[in-house]
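**Q** If you read the sequence shown in my numbering, its first letter stands for residue 244, the second for the next number, and so on.
These are calculated hints, taken from the structure and not from any lab test. Quantities reported herein were computed from a predicted structural model and do not represent experimental measurements. Every residue, glycine too, gets a C-beta built ideally from N, C-alpha and C. Check before you lean on any hint, since a few could be wrong.
Across the chosen pairs, the derived CB separations fall in these ranges [unchecked claim]:
1. 323 with 291: 18 to 24 Å
2. 261 with 319: 27 to 33 Å
3. 319 with 258: 33 to 39 Å
4. 363 with 313: 29 to 35 Å
5. 258 with 312: 42 to 48 Å
6. 313 with 369: 25 to 31 Å
7. 370 with 328: 16 to 22 Å
8. 264 with 315: 25 to 31 Å
9. 248 with 318: 38 to 44 Å
10. 272 with 319: 25 to 31 Å
11. 359 with 338: 17 to 23 Å
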Amino acid sequence: MGVSRTCTIVVCGKGGTGKTTISALLVRSFIEAGVRPVLAVDADPNANLHEALGVDLAETLGCMREEAFTRSIPPGMDRTSYIKYRFRTVLVEAEGFDLLAMGRPEGTGCYCFPNSLLGECMHLLGEEYPVTVVDSEA
Numbered sequence: 244m245g246v247s248r249t250c251t252i253v254v255c256g257k258g259g260t261g262k263t264t265i266s267a268l269l270v271r272s273f274i275e276a277g278v279r280p281v282l283a284v285d286a287d288p289n290a291n292l293h294e295a296l297g298v299d300l301a302e303t304l305g306c307m308r309e310e311a312f313t314r315s316i317p318p319g320m321d322r323t324s325y326i327k328y329r330f331r332t333v334l335v336e337a338e339g340f341d342l343l344a345m346g347r348p349e350g351t352g353c354y355c356f357p358n359s360l361l362g363e364c365m366h367l368l369g370e371e372y373p374v375t376v377v378d379s380e381a
């Protein structure tokens, strides 16, 4: 199973249909086939792909975004630059794959900014991985 260019697979469907399980199995299958590293993206605000992949998740993009708007940022950096710099620290590096999780923003409201941030991060990282597997929300 050879992958010569980047490929993005988005697993979507109704709630409770096994999207996370399928996503984790796809990630593991690509790794076993020698296609690595795989970028695993948890686009579900109730992030649990990390559990299916057996890795710890210390931080999400949602947490990082909240931090950028509630804490002071380094001098000489605007919030956008800080977020672009900081998102790589949210990336969980594991054997054969890396995981990026959206998470949920604090409070209620629109997921527009976290979704936009996730899309931008995927765009910035996309060329570094032969395969991206996205576990989407219901």
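**Q** The structure should be examined with respect to each hint, and the outcome stated for every one.
**A** Against the structure, the hints come out as follows:
{"no.": "1", "hint": "323 with 291: 18 to 24 Å", "result": "29 Å, violated"}
{"no.": "2", "hint": "261 with 319: 27 to 33 Å", "result": "47 Å, violated"}
{"no.": "3", "hint": "319 with 258: 33 to 39 Å", "result": "44 Å, violated"}
{"no.": "4", "hint": "363 with 313: 29 to 35 Å", "result": "20 Å, violated"}
{"no.": "5", "hint": "258 with 312: 42 to 48 Å", "result": "30 Å, violated"}
{"no.": "6", "hint": "313 with 369: 25 to 31 Å", "result": "29 Å, holds"}
{"no.": "7", "hint": "370 with 328: 16 to 22 Å", "result": "18 Å, holds"}
{"no.": "8", "hint": "264 with 315: 25 to 31 Å", "result": "41 Å, violated"}
{"no.": "9", "hint": "248 with 318: 38 to 44 Å", "result": "41 Å, holds"}
{"no.": "10", "hint": "272 with 319: 25 to 31 Å", "result": "45 Å, violated"}
{"no.": "11", "hint": "359 with 338: 17 to 23 Å", "result": "30 Å, violated"}
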